[in-house]
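Each protein sequence line maps, in turn, to chains R, L, Z and V. Residue numbers for the first sequence follow the UniProt record's numbering, so the first one is 1 and each next one is one higher. Residue numbers for the second sequence follow the UniProt record's numbering, so the first one is 1 and each next one is one higher. Residue numbers for the third sequence follow the UniProt record's numbering, so the first one is 1 and each next one is one higher. Residue numbers for the fourth sequence follow the UniProt record's numbering, so the first one is 1 and each next one is one higher.
The set of hints was computed from the structure by calculation and includes no laboratory data. From a predicted model like this one, the values you see are computed outputs, not experimental measurements. Some hints could be false.
No copy labels: a pair is met if it fits in one copy or bridges any two.
As the list claims (entries may be wrong) - Distance condition first, Cα-Cα at most 20 Å in a straight line; then the derived EDC-like pairs of lysine to aspartate or glutamate: (1) Lys399 / Glu422; (2) Lys416 / Glu482; (3) Lys144 / Asp213; (4) Lys416 / Asp109; (5) Lys399 / Asp431; (6) Lys144 / Asp456; (7) Lys11 / Glu346; (8) Lys11 / Asp257; (9) Lys144 / Glu81; (10) Lys399 / Glu410; (11) Lys11 / Glu482; (12) Lys416 / Asp55; (13) Lys399 / Asp109; (14) Lys462 / Glu170; (15) Lys416 / Glu442; (16) Lys133 / Asp324; (17) Lys133 / Glu268; (18) Lys438 / Asp213; (19) Lys416 / Asp431; (20) Lys399 / Glu347; (21) Lys462 / Glu114; (22) Lys480 / Asp257; (23) Lys438 / Asp452.
4 protein chains.
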Amino acid sequence: MADGFAQATRKPALAVLHTAAGTGNGMGNIMTAFLNKTPLIIIAGQQTRQMLIGDPYLTDRDATMLPQPWVKWAYQPARAEDVPAALVRAIAIASMPPAGPVFLSIPLDDWVAEIDFAPVIRTVGQTIAPDPKRLSEFATRISKARRFALVLGQEVDKSLGWASAVALAELLGAPVYQAPLAERAVFPETHPLFRGSLPLAKGPLSTALTGYDLVLVVGAEVWRYYPYAAGPVSPPGLELLQITNDPHDAGSALVGDSLLSDSRLALEGLYSLLRNNSLSTEENQAKAAPGSAATAQSKPRKSTALMTASEAFTAIALLRAESDILVQETPSNVGDLLDAWPIIREESYFTSASGGLGWGGPAAVGIALAQHNRTTVLAIGDGSLHYSVQSVYTAVQHKLNLIILVPRNEEYAILKEFAVFENTPNCPALDLPGLNAKAIAEAYGCAAFRADNPADLHDAFKMARGLDGPALIEFQIDPKLEPLPV
Amino acid sequence: MADGFAQATRKPALAVLHTAAGTGNGMGNIMTAFLNKTPLIIIAGQQTRQMLIGDPYLTDRDATMLPQPWVKWAYQPARAEDVPAALVRAIAIASMPPAGPVFLSIPLDDWVAEIDFAPVIRTVGQTIAPDPKRLSEFATRISKARRFALVLGQEVDKSLGWASAVALAELLGAPVYQAPLAERAVFPETHPLFRGSLPLAKGPLSTALTGYDLVLVVGAEVWRYYPYAAGPVSPPGLELLQITNDPHDAGSALVGDSLLSDSRLALEGLYSLLRNNSLSTEENQAKAAPGSAATAQSKPRKSTALMTASEAFTAIALLRAESDILVQETPSNVGDLLDAWPIIREESYFTSASGGLGWGGPAAVGIALAQHNRTTVLAIGDGSLHYSVQSVYTAVQHKLNLIILVPRNEEYAILKEFAVFENTPNCPALDLPGLNAKAIAEAYGCAAFRADNPADLHDAFKMARGLDGPALIEFQIDPKLEPLPV
Amino acid sequence: MADGFAQATRKPALAVLHTAAGTGNGMGNIMTAFLNKTPLIIIAGQQTRQMLIGDPYLTDRDATMLPQPWVKWAYQPARAEDVPAALVRAIAIASMPPAGPVFLSIPLDDWVAEIDFAPVIRTVGQTIAPDPKRLSEFATRISKARRFALVLGQEVDKSLGWASAVALAELLGAPVYQAPLAERAVFPETHPLFRGSLPLAKGPLSTALTGYDLVLVVGAEVWRYYPYAAGPVSPPGLELLQITNDPHDAGSALVGDSLLSDSRLALEGLYSLLRNNSLSTEENQAKAAPGSAATAQSKPRKSTALMTASEAFTAIALLRAESDILVQETPSNVGDLLDAWPIIREESYFTSASGGLGWGGPAAVGIALAQHNRTTVLAIGDGSLHYSVQSVYTAVQHKLNLIILVPRNEEYAILKEFAVFENTPNCPALDLPGLNAKAIAEAYGCAAFRADNPADLHDAFKMARGLDGPALIEFQIDPKLEPLPV
Amino acid sequence: MADGFAQATRKPALAVLHTAAGTGNGMGNIMTAFLNKTPLIIIAGQQTRQMLIGDPYLTDRDATMLPQPWVKWAYQPARAEDVPAALVRAIAIASMPPAGPVFLSIPLDDWVAEIDFAPVIRTVGQTIAPDPKRLSEFATRISKARRFALVLGQEVDKSLGWASAVALAELLGAPVYQAPLAERAVFPETHPLFRGSLPLAKGPLSTALTGYDLVLVVGAEVWRYYPYAAGPVSPPGLELLQITNDPHDAGSALVGDSLLSDSRLALEGLYSLLRNNSLSTEENQAKAAPGSAATAQSKPRKSTALMTASEAFTAIALLRAESDILVQETPSNVGDLLDAWPIIREESYFTSASGGLGWGGPAAVGIALAQHNRTTVLAIGDGSLHYSVQSVYTAVQHKLNLIILVPRNEEYAILKEFAVFENTPNCPALDLPGLNAKAIAEAYGCAAFRADNPADLHDAFKMARGLDGPALIEFQIDPKLEPLPV
């Protein structure tokens, strides 16, 4: 919840956990917050400082080790008097690029210690700009490219860089791809230059970029692969430039030259440098050509007796408001979902950078808390829902403006698809029969609907929008496996 | 589940988790397993070895750091060929005293590598015996004591040492206390020498031992304190001996002399050494005297319009079978529960050593899986239940012989009691209204009852015992706070 | 050596260590390299991958834990095939701001594995620029300051920012202080605006800044305190701005607002923004006024029968060439040294950022290797020399252009001074009688001189400059303790 | 020094280091102490608690991470008041089996805090005994063996188990091997049942055990391999039993069944169980037969113009006193040394368990400090000497009864031999010309001799024995490489 809230308010959020047990329970989502680069201040209670030497009950032994390696800083103040300064420092570290979670372990009795000084309030910069010399070299290389493409990642959205990205893409006539598995939408997905997401595996991704001689990746890793499919990292003849504000991602890139910067500032800087460039429109469009073939076009699934995920999401697409926020944790249906529901506005799509299930439910609650004037729509599989099903209760207690869409396939479909991909089909223990999301939601006091055809789903979604508080809509979909998207 | 299963089968159990996300989600219970000293082999998947250098999606970066400090060993084999030997080594390390969880990170593609050798099967000792010289010194000190008491902890149960403990206590006529917050029952709780649990805080615990000149603590920490209440560690004049198989617990003891050993072997050794001792029965009984005053006798709560926890547990006590296993995660009601339901048989009571909520639900499922011929009764608060409410689903799918008792107080009572203890009453955010355990259980397909008076509860429990599969019984209890037990 | 070499070549250097033993032996200097922010690629050998599962002799168990927390990245490739990419990644991570050491553990047999692909060569940016918006806010605050001072730290030297710092200081007429314990010289120390180093402790440092209303700290921590002397962090009324390229140092600053940037780029940016500012010369000079009182002026020590350190360093000051490099590890004499030998050129003064003794000897060797056309002068105490006295041998073997000055006081003077400061004088075990640096140098084959008066020292230094290879000059100094500089 | 002192006094020793720098400098030898299983209390100073929040100069950031993974416990007390209890706990943890170093980080100002309670003094057991049931199973298996051998490791010496080992070996008529690379002598090396050390690599070690059907390894790893030479872990038909007090070594064993115990207690226990066994002497001797073929017999090196190491060590062997202690750090000459100087008394031979160079010099100083009535002889290569050459100074200052033998080959011979073994001869940078150990020793004030033929060496050693204080004897040996011992 705190992760979603922090992302949706663009401010660090505070989460308080219960010593080792609470920190342990939270580690999955702390890991995701680290990869999401969400500024979080996590405070874990610690046994009273008075007793720590004897390791009493509920001691968080080696408290600063527990959250490693998934926090930027882990600290237990050496004195009660340092708690205020530690908090100030925590906020500073969490906020600087790349943002992320920090961890403080605070002994119980520190909270009642007296201090005789006012805590210092201070600020830190949260943005780094591109080195002008290196940015200029990048601009020169772009200006000399003959077939050029832009690949945009999540940092573009986080830096509020959509407008700058659109301006640069239009200036250059460059086709625009979304980096694989980006946890944010990065560009108006209905824009004529948008070519969809790049493939998720080595060979296919390389194939998709064949024909270009230069690609500029802004705000993404190079590359966030998912399954392994053999092939080169890049097609022959392709050069690659990467702009990121995260030294880790610059370091782990497999090819290309990197520049450290905020995405928006770098996009603006490149626009300025290339604005008066001699590129003619014809040349730009010629460069854009190969991309058009690479446009991601998912084939609609054939209709069966059961509603497909595609049909389901299409059925409600027209009811969508432009201001709606979409939170996604339905790995086996994400393609169909985004085909039906293209993102056209900045800061309107959220998923996890880690692939860690259990994040979507509470994150949507946090986002809905933060953005109560917009409707938050959570699309979450019937399996995924159960990682953090308790978050429905919080949504009810806070009467959030949240609609939970639960496509029901009664299986762990993405792992079944993965098993097929790995030539080990029929892997056991991946069926999930009898999860009744509607009944559970109702048990938590949440309005809930079951809608197993497009018309009912349309009606349920319409009703849900009218409610004062959250609603859950469960709908059976065709459980037929699709090939793993690569 | 794996923790409960391992404990209830007395064998290492295997748990398979999903790379960083699954390991992260499991860290709370991994921490508890470490403190429970449960032998667990935890395997986390890792991205394919082929791609690791580029940190692709779902990479468990620094995989062996994540589970620290709560595993005995964390390892990622340097070669696929080492996976079998790593498993053998993992089992060995997990099993040796003190037992505990170990962690292996296995890249996806390692599982399909070919090896041309047979894995080596080997065994390790799982028991250490007392150094004869030091044990003899302990025996001499016991034989010279004038007012002596035994304090027993969880290791006595885990070493199958009840009979040895009874024999030694009876030989010496010594009063027997349970170590504070022991996660196992340690002695027949209806035995005339049994004096109940020691207090949970410094001052009161010291007071409870006043009058003794020597205490022998077997299989427990010295001391597992919970809240801080000022006072000495030991009363003046008290000497203390500790026997444990865990060097950590011997190291962190605040007073006394320690001996490293399995509890049962040490109890047997002391019995042999003291058997021909000249202690007369009178002296023994004189020694036992102070203890009798210290006997823990909880006052029954006064009856109100609402059923008290005490009344509730009493209502079903007679329906209990001697073979029943009790799993407990209801911190604010545990005293009432055990008063009504004294443990009289070895390996029949389980709670967590860590106090980490979220363990009881799945642990009870694991125990019920392991001991399907006995009925497992889980007593779990309406709040605690929701940490791992999903475990109800697994119980249903496996038709387990499990009865879940949910006292409902609609609050986080133990923290409210703690807040009163710390002079900060009315702490916000500790009310939990509207959690409907019965409805949720039914939504998961579990038989469920609501019983808000003793008679209904009695009937419901009787019906539950007759079912083929799990049942949940929810009952409202008087939410009035009791003083924090110290 | 590798640290000095990397700093003096401005390139990452490669150091190869012997598994756990060599890495362990190097940890002191690895720690210093981390604080020096020196880009180092440290490779430690690891036992053959074939045998690792059984922990054979010379296994670097948990190899990536050993160098923590003092490397930016520690990695053991998951496959032999990944060694080239791991090296590329290591260079990238070491080089990005803040630069620092990285660690690779490479199994012995990986070096003979065959690969069938060409390693990818790539570059990363090594400079971050200031966020224009925040820099502009800083400029505005500076333009409104009434009494303004500049404090410069080591990053100014490392970014080749002296000219920019001089330009900005002269533009604003601002007094310039060196940040406490800077490991580089930061400004022409004979420049009229230079006010020497700030004090090293809380109270005195605060006092030194009294009177200013705004201080801009560029390229330094806020603050690198050494002993504890009570007092406020800042005097009342002082506002503070910090510019650093290290998020750690921005996070740990105790006061002020921070901006992330390369020092030179930020100084240039501020110059541009303030160039047309309306500040009159009179106002600037008024602002500079308080600083003049704060000028650091060390009192010359009174002459005794024994030569003082001050006299000694003065005796050779005139023989100094402008191109000489000074490396310093003589903590109790550093003030006298720098008074006699002010630094007037960029990249000409090196000491450690950590205070870790044992760095100066080998670092000077590395610097002399890198800058063979300049003379490297190492000033090192007779105690400090012995941390890494073996480096003399390497200097001899390579016939380096290195002069080692060894003031001899036969004691651990800085700790004696510290003991006086802490009111615990006459601390035992701090005398070091009989260390004969000259004899040891000669034993290693190094030219060596003993010179116990200024004239002999002058002559010895002159002779040393004329030699083809290193020379060591030992000279007795008055061992009288000075007050600890705070 | 502390490691040697602790081993030679059989008590935990205290070493005090200078915050991160000193701990870093010590990490190589801390690693060795961990593998030596030496009980050490390492205290590192930490900056004053008052200032830690701002990371001032000399802060040991993440102090408890730095010594990982090579300490048993790393701790910084949460309060000054806990320093006494932390020390008590540190001693306890360091002492329990397997013993090892522990680390405390103590802020400077903690030492002046007042406490109003007396520190608790307590003891812990330092010995674990064998589980009787499992020991009995081992005895049964031994009694049924047809060709049986004993392999003894360092724990036998550390547990003062020589007499028990001799008794058991003689009872069974079993041949006795030393485990490879044992850091202690384990059995009278002139005893008729002694067969020398097992080979250091997989294939040869397996070959050496061919013909046995059961081997009992006491107090050693299975196996401490050095170079990799292909072959099975064990020959076909061999079963293996291991007794160790270290769960790590029981876990990492590649074959066999393990029992956790002190070596001496287990040897005594087996003796008791097998004493009345029906094994006839003939059978025992038949069992012993294969071992006789496996006896390690090093061929004497042919004499050349230069004295060989073998000739050198032989020349002084007759001057040896039975009480002499031998400390060894001359990896390329160790075989010749021990052939000439067989160990015949318990606790008389010390080398490092880690192979980490730099340990021998200071360890010998510590041993000589502890055992001042015996002569300590350090045999150390001219290269090895220079890792910690400063220890000569300490020996001089304390006038220790220490003789340092420096065979001089002017090369890093063991690595040259390793390079030949790995088919990469002529590896660069392994020559060490011109290291003049005699001159350096003299520069430190140590008596020193140069003796390049057996007669001179004999005389020098004789003179050295007569001195009041340490002496160093350097002697040129034939630098011809021998095959790497495997």
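Numbered hints the structure breaks, given as an ascending list: 1, 6, 9, 11, 12, 13, 14, 15, 16, 18, 20, 21, 22
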